[in-house]
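Trainee: Listed here are the chains, written in short residue letters.
2 protein chains.
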Amino acid sequence: MYAEIGKAIKERNKSAIQKCALEQIKAGADALDINCGPASKKPIEDMPWLVEIVQEVTDKPLALDSSKPQVIEAGLKAAKNKLIINSTTADPEKIDILVPLAKQYNTKLIGLTISAKGIPQNKDQRLELAATIVAACSEHGFPIENLYLDPIVLPVNVAQAQMKDILDSINEFKIISEPSPKSIVGLSNVSQGTSVRSLINRTFLVMAAASGLDAAILDPLDKELVDALISAELILNKQIYCDSYLEAYRKK
Amino acid sequence: MYAEIGKAIKERNKSAIQKCALEQIKAGADALDINCGPASKKPIEDMPWLVEIVQEVTDKPLALDSSKPQVIEAGLKAAKNKLIINSTTADPEKIDILVPLAKQYNTKLIGLTISAKGIPQNKDQRLELAATIVAACSEHGFPIENLYLDPIVLPVNVAQAQMKDILDSINEFKIISEPSPKSIVGLSNVSQGTSVRSLINRTFLVMAAASGLDAAILDPLDKELVDALISAELILNKQIYCDSYLEAYRKK
Chain A
919 MYAEIGKAIK
929 ERNKSAIQKC
939 ALEQIKAGAD
949 ALDINCGPAS
959 KKPIEDMPWL
969 VEIVQEVTDK
979 PLALDSSKPQ
989 VIEAGLKAAK
999 NKLIINSTTA
1009 DPEKIDILVP
1019 LAKQYNTKLI
1029 GLTISAKGIP
1039 QNKDQRLELA
1049 ATIVAACSEH
1059 GFPIENLYLD
1069 PIVLPVNVAQ
1079 AQMKDILDSI
1089 NEFKIISEPS
1099 PKSIVGLSNV
1109 SQGTSVRSLI
1119 NRTFLVMAAA
1129 SGLDAAILDP
1139 LDKELVDALI
1149 SAELILNKQI
1159 YCDSYLEAYR
1169 KK
Chain B
919 MYAEIGKAIK
929 ERNKSAIQKC
939 ALEQIKAGAD
949 ALDINCGPAS
959 KKPIEDMPWL
969 VEIVQEVTDK
979 PLALDSSKPQ
989 VIEAGLKAAK
999 NKLIINSTTA
1009 DPEKIDILVP
1019 LAKQYNTKLI
1029 GLTISAKGIP
1039 QNKDQRLELA
1049 ATIVAACSEH
1059 GFPIENLYLD
1069 PIVLPVNVAQ
1079 AQMKDILDSI
1089 NEFKIISEPS
1099 PKSIVGLSNV
1109 SQGTSVRSLI
1119 NRTFLVMAAA
1129 SGLDAAILDP
1139 LDKELVDALI
1149 SAELILNKQI
1159 YCDSYLEAYR
1169 KK
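Chains as they are written, first to last, in the working numbering: chain A, 919 to 1170; chain B, 919 to 1170.
Same shape as in the complex, but just chain A (with noise of 0.2 Å):
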């Protein structure tokens, strides 16, 4: 799909990027991540092409995401749907740029609990990063509620001894800050490079849901993922019971 959509953006295919767009949102997506991929050339263009091309035919939130604050700048520039900036790290040089950003554009942000000084290695530098992004938004005047804190999930089959420490790093966000902040995980990571990627992936999602996660970066065309989330939901009481909960929740 990756190398498709590649594809398509370098030769202006606006309808297949439109098509996966509105596939995404017809499995229940709450908002669409913009990414340019790897091989763009020339992102700057990208960015607000793709912006404006995907609000054609939505206005879901959409999530700008690069690493580059120039590229995420240029989205915003081309944007009048709802935003998600993805994101900011613990680095001075790039909250400086993106959390006046997300304030000038109202938008919400990704921080992920990650610096120039590598992954993070436990929960308590999970915790020390994510404090760091938490006060700086103070300083700008950003609203912590519309800052998503992300532990940085880690593939089970490298560092299996981390992932309670991403777990448990999820529960105490909340209590970083009054209001708090909320959290996120990119989903797919916890099983790269393994060989059943799936039940990986929808195990992980339950036990973080239980661990009072808020959002998640995730493929919304996996079926079972999204019945094992809904189902989270429901032992949460995040929605009310009906027998036919899995099908009034895809109405939704």
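Mixed in with the good hints there might be a few duds.
No copy is singled out in the list; a pair is fine if it fits within one copy or between any two copies.
[What the hints assert, rightly or not] Calculated cross-link-like contacts (lysine-lysine; reagent style DSS-like; alpha-carbon spacing at most 25 Å):
no., residue 1, residue 2
1, Lys1000, Lys1092
2, Lys1035, Lys998
3, Lys1092, Lys1041
4, Lys995, Lys932
5, Lys1170, Lys937
6, Lys1092, Lys1082
7, Lys960, Lys986
8, Lys1156, Lys1082
9, Lys986, Lys928
10, Lys1082, Lys1100
11, Lys1041, Lys1082
Please keep in mind that the hints were generated in silico from the structure rather than gathered at the bench. Here the structure is a predicted model, which is why all the values come from computation and not from measurement.
Given chain A's structure and the hints, the job is docking chain B onto it.
Mentor: Then chain B, alone, in the frame of chain A:
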């Protein structure tokens, strides 16, 4: 299946029951629940007969499952395998018979956080009943690490608001005493009366595992349930990752 077993008990159809026991073991059961069923007219004779014929085909631990202490005692006398008493409540008339029996026969003991006053309505009531059982075990010199506390899992369609309390109880049982008591659930209750039983069972089980659950009474023939449990244990670092971890677990 229950009706068939009831019939087999009544007709003393040994091979039907032994076949069922072997199927559960093949599917990965660590222990077998021995219950005479609601239709049994003479459980004091049925229980030791069941124990004896199941012991002919396996040396797996047996959980003697009855609400009547004298039926459990009849099973204890007939047994040579390792045993679990299933179960005492928090009522003195149960505790004062079953805890000394559990100590005398060196069995594990399941303690339900329920009493003659009724089903617990929240986490605090569960913890209070759990503390009563733990205190009684201590008084009788029964080793707390052999006690499995059951938070009483209620159906999600009638007690949706209690699900989080049940999960939190599992977590908090651990801090009632040192050494910690263990935890167990009768899983299938969570989905009683719902239309997607297996999905709700496995979603709840994954959450309970993340809350520190030590054991569950469940259907080992439900492959998706067992896959979810194995994956939960993988994520919780309770077994080492390998690409074929599902097969590796089942071969153990």
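Trainee: Taking the hints in turn, state whether each one holds.
Mentor: Each hint tested on the structure:
Taking CA atoms no more than 25 Å apart as the test, Lys1000 paired with Lys1092 passes inside one copy only; the shortest distance there is 24 Å, against 45 Å between copies. In this homomeric assembly, Lys1035 and Lys998 never come within 25 Å of each other (Cα to Cα): the closest approach is 35 Å inside a single copy and 59 Å across copies. In this assembly of identical chains, Lys1092 and Lys1041 lie within 25 Å of each other by CA distance both inside one copy and across copies; the values are 14 Å within and 21 Å between. Taking identical chains as interchangeable, the C-alpha atoms of Lys995 and Lys932 lie at most 25 Å apart only when both belong to the same chain, with a minimum of 20 Å there against 77 Å between chains.
Within a single copy, Lys1170 and Lys937 get their C-alpha atoms as close as 21 Å, which meets the 25 Å cut-off; across copies the closest is 47 Å, which misses it. Taking the closest pair of Cα atoms, Lys1092 and Lys1082 come within 25 Å of each other both inside a single copy (16 Å) and across two copies (17 Å). Only within a single protomer do Lys960 and Lys986 lie at most 25 Å apart by alpha-carbon distance; the minimum there is 12 Å, versus 76 Å between protomers. For the identical chains of this complex, Lys1156 and Lys1082 are neighbours both inside a copy (23 Å) and across copies (11 Å), given an alpha-carbon limit of 25 Å.
Taking the shortest Cα distances, Lys986 and Lys928 sit within 25 Å of each other inside one copy (19 Å), while across copies they are farther apart (74 Å). In the homo-oligomer, the alpha carbons of Lys1082 and Lys1100 lie at most 25 Å apart both inside one protomer (19 Å) and across protomers (19 Å), since each shortest distance falls under that limit. Within a single copy, Lys1041 and Lys1082 get their C-alpha atoms as close as 9 Å, and across copies as close as 23 Å, so both meet the 25 Å cut-off.
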